[in-house]
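Engineer: Chain by chain, the residues run as shown.
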Amino acid sequence: MAKGIIYSITTFIIGALILTLSIIIFANSQNTELRAMEINLLNTVYDLQSSLSESIAKLFTNTAGIKINVENHTVTISETIPNRQLKQYKNNITEFKDFIENDNRLVKIDNTKINNLPLKIMPYKISYERESLDSKKVQIKNNDSKNYYESISITFNITGMLGVIIPDEINSGIIPLVIIIQNLTNKITQTINIDISKENEIETENGGAIFNIDIEDGEIEIENEGENEVQVIIKLDLQDISKVSVVYPSNILIQFPEFEVYSEKNTKIV
Amino acid sequence: MNLPHLKSHYINKKGYIFTYDIIIAVFVFIIIITASSFYSSTSNENKLANVQIKNIGSDALNILVKTEAMDKLDENGIKNELETIIPKKYDMTLEIITNTGEELSITKEIPSHVFIASGKRYLVTTNNKIVKVEYKIWQKE
Chain F
1 MAKGIIYSIT TFIIGALILT LSIIIFANSQ NTELRAMEIN LLNTVYDLQS
51 SLSESIAKLF TNTAGIKINV ENHTVTISET IPNRQLKQYK NNITEFKDFI
101 ENDNRLVKID NTKINNLPLK IMPYKISYER ESLDSKKVQI KNNDSKNYYE
151 SISITFNITG MLGVIIPDEI NSGIIPLVII IQNLTNKITQ TINIDISKEN
201 EIETENGGAI FNIDIEDGEI EIENEGENEV QVIIKLDLQD ISKVSVVYPS
251 NILIQFPEFE VYSEKNTKIV
Chain D
1 MNLPHLKSHY INKKGYIFTY DIIIAVFVFI IIITASSFYS STSNENKLAN
51 VQIKNIGSDA LNILVKTEAM DKLDENGIKN ELETIIPKKY DMTLEIITNT
101 GEELSITKEI PSHVFIASGK RYLVTTNNKI VKVEYKIWQK E
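Respectively, the protein sequence lines represent chains F and D. Following my numbering, the numbering of the first sequence begins with 1 at its first residue and continues without gaps. Following my numbering, the numbering of the second sequence begins with 1 at its first residue and continues without gaps.
Bound conformation, chain F alone (with noise of 0.2 Å):
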């Protein structure tokens, strides 16, 4: 008698045991299955994003008439003031935007911010923007009470006269501002040491570029007050904190309700 409730019991447990690996080796099936579906949904959202991303960058590169280039710490950008092929940018943006959102109803791109064109140099506060695509003002704005910039350099490429350089209203500082006026043959430099919290006001005259530089509280503005259109290069040399980069505000919305998946990214364009 105790042998066969013995030999009951160890059937029952072998046969338990033998039941609950199976269920295990289910359980463990369907969990891959599921992995391996997020593993593609995931990697389809990156493809998106990164396709969509890059194409922006293209777009901006390709049409908006701003160079970037960042190397180690120094941002430079030089564009056309004003600059007459922004608004040729903007219909490309509007157009993409269009072919894009009607292609695919998972995506959207916010390009609400396209009139101020506001790039972002990152991991920075610090802005590059317009009150308008036409303005001939440009706005370099540092959202951080903190000061990231070692100096500030300024060029006028022009190819009429040089002009003369008037500091109308400097503050002393540490912070080197070097504003150069140069044609084909010749070129003018000024390095003037100012305290960027406060007020300062240098004017170009008598030249190819007649420009008001006005910098108050960490704000940087470039405005052409002349008629030519004037290529400006503004070079920042920034602290060496992290990687530089610069992200332009074309959020790329990417959403998978049913999976609860969502995707929200800047564009990088260096």
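Hints in this document: simulated from the structure, not taken from any laboratory. Worth double-checking, as some hints may not be accurate.
The following label-pair restraints were derived from C-beta to C-beta distances [to be verified]: (1) F:Met-37 - D:Asp-59: 33 to 39 Å; (2) F:Phe-256 - D:Thr-84: 30 to 36 Å; (3) D:Lys-89 - F:Ile-13: 46 to 52 Å; (4) F:Glu-219 - D:Glu-83: 51 to 57 Å; (5) D:Lys-129 - F:Asp-134: 38 to 44 Å.
The C-beta atom is built at its ideal place from N, Cα and C for all residues, glycine as well.
Place chain D on chain F using the hints.
Structural biologist: Okay, now just chain D, sitting in the frame of chain F:
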């Protein structure tokens, strides 16, 4: 009546039934474990292999975009480049549509009963055409 004889007879029968019961039970469990292991291994293998096929398609298209092979939207150029990129055991088709209405197809006959992975990318050409590329990739039979 010979009761001890009957008792012994039933006890012997019980032994047989019990043994048969165990044999059947073990047999059933072996079937369950074999089936679940088989299902598990084949299912996992297929799912992960399918992810890999999609990755190969995505990578191939990415190379075409990065090397600017898509830039001229030349059907033969893209086809030749694709053949050099894609591993021999896979086949791939591309459907290309631009915002200006141009359409290109790099097609191959898609076999039945194979897993077909698909995906898409967008790109902008040097002359600012907006392009949508859809691919299908499968393992050759």
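Engineer: Decide, hint by hint, whether the structure agrees.
Structural biologist: Hints, verified against the model:
1. F:Met-37 - D:Asp-59: 33 to 39 Å: 20 Å, violated
2. F:Phe-256 - D:Thr-84: 30 to 36 Å: Given range 30 to 36 Å: holds, Cβ gap about 34 Å.
3. D:Lys-89 - F:Ile-13: 46 to 52 Å: Check passed, 48 Å falls within 46 to 52 Å.
4. F:Glu-219 - D:Glu-83: 51 to 57 Å: 55 Å, holds
5. D:Lys-129 - F:Asp-134: 38 to 44 Å: 26 Å, violated
This entry does not satisfy hints 1, 5, going by the numbered hints stated previously.
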